[in-house]
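> Sequence:
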Amino acid sequence: MRAIALFSGGLDSCLAIKIIQEMGIEVIALHINTGFDSNFEKFEYLKHIAEQLGVEFCLIDHRKYFIENILFSPKYGYGKNFNPCIDCHANMINTALEYMHQVNAKFIISGEVLNQRPMSQKLDGLRKIEKLSKQPQLVLRPLSAKLLPPTIAEENGWVDREKLYAISGRDRKTQLLLAQKYSLTDFQAPAGGCLLTDKNFSLKLKSFIQYNKLEVEDIDILKVGRHFVIDNHTLIIARNKDENQILKQYNNPKFLKIFPINIKGPVGLISKDGDYEMAAKILLSYTKAKEGYVKIDKEYFVEALEDRSQAQQYLVY
0 MRAIALFSGG LDSCLAIKII QEMGIEVIAL HINTGFDSNF EKFEYLKHIA EQLGVEFCLI
60 DHRKYFIENI LFSPKYGYGK NFNPCIDCHA NMINTALEYM HQVNAKFIIS GEVLNQRPMS
120 QKLDGLRKIE KLSKQPQLVL RPLSAKLLPP TIAEENGWVD REKLYAISGR DRKTQLLLAQ
180 KYSLTDFQAP AGGCLLTDKN FSLKLKSFIQ YNKLEVEDID ILKVGRHFVI DNHTLIIARN
240 KDENQILKQY NNPKFLKIFP INIKGPVGLI SKDGDYEMAA KILLSYTKAK EGYVKIDKEY
300 FVEALEDRSQ AQQYLVY
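Residue numbers (numbering that gives the first Met the number 0): 0 to 316.
Keep in mind the hints are simulated off the structure, nothing from the lab.
For glycine and all other residues, C-beta sits at the position ideal for the given N, C-alpha and C.
Mixed in with the good hints, there may be bad ones.
[What the hints assert, rightly or not] Pairwise CB distance ranges (calculated):
| # | residue 1 | residue 2 | range |
| --- | --- | --- | --- |
| 1 | 211 | 171 | 37 to 47 angstroms |
| 2 | 44 | 136 | 40 to 50 angstroms |
| 3 | 129 | 162 | 17 to 27 angstroms |
| 4 | 145 | 214 | 41 to 51 angstroms |
| 5 | 146 | 214 | 38 to 48 angstroms |
| 6 | 209 | 287 | 26 to 36 angstroms |
| 7 | 209 | 97 | 28 to 38 angstroms |
From just these sequences and the hints, can you work out the full model?
Below, the structure written as structure tokens:
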């Protein structure tokens, strides 16, 4: 018997796997990449955790599909920010169902806990997810199963419902006790996660799509830098060395790279046909130089803004 686990790498998804493994069922950990995870090193971490759990790990790149079909037109709308959680969860289930049939698995497990999250894990939210899911009766939530109607896996005796749990709410005491039982220590903290739930990231995304078409290759630059808008054109300036590297490696004909010459300072991106002079002035204001040469599509000699606060009128976040 084989099951597919929707795998985030967090404690709840790890526990769901261990509970089902304990019943002698083989589990494949499936992570569906929408692109909006906060951690650039996520996939290496997931592989590591899957190895610790003794399960096969599979990654499906769903970024393009998510942008084109989910992000901007969710049937059940958004949470507090730019998060279409209900539509996103249903999409993950439907993607897992397709993969389940490919590998001859029988059902899907999820680490979702009833009432843990306000939008997608309330009973009403789960019902909405079911409406968008192709075969919701194949989705088992081991941590809250006893509070939910029996699924096919339980009705057919593939799993023992008595060995499942009735966890509800945000209190994680029961999960932490289960973590001790299963000797789980190297799991991801519950904070962080999807950037679409983050207010500041959502501001950057809303600003970006107002002036640019969002493509898969743009997602990672939304995660970094200070974002400015100058006369309907986007300017992004790195905040540290790591972000400098990300912007240096980014290549898209929509943007030109901008950086100071012979001056220590950040790398930036400016929309083509943007206000290069103002972009250069803002970039230079994030160096110690009062004036200098800045490279965009050619060299510009500019004076920095008198003080950095002048750049704030253009700052999104």
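> Each hint: holds or not?
Do the hints match the structure? See the list:
no.: 1; hint: 211 <-> 171: 37 to 47 angstroms; in the structure: holds, 40 angstroms
no.: 2; hint: 44 <-> 136: 40 to 50 angstroms; in the structure: violated, 32 angstroms
no.: 3; hint: 129 <-> 162: 17 to 27 angstroms; in the structure: holds, 24 angstroms
no.: 4; hint: 145 <-> 214: 41 to 51 angstroms; in the structure: holds, 44 angstroms
no.: 5; hint: 146 <-> 214: 38 to 48 angstroms; in the structure: holds, 41 angstroms
no.: 6; hint: 209 <-> 287: 26 to 36 angstroms; in the structure: holds, 33 angstroms
no.: 7; hint: 209 <-> 97: 28 to 38 angstroms; in the structure: holds, 34 angstroms
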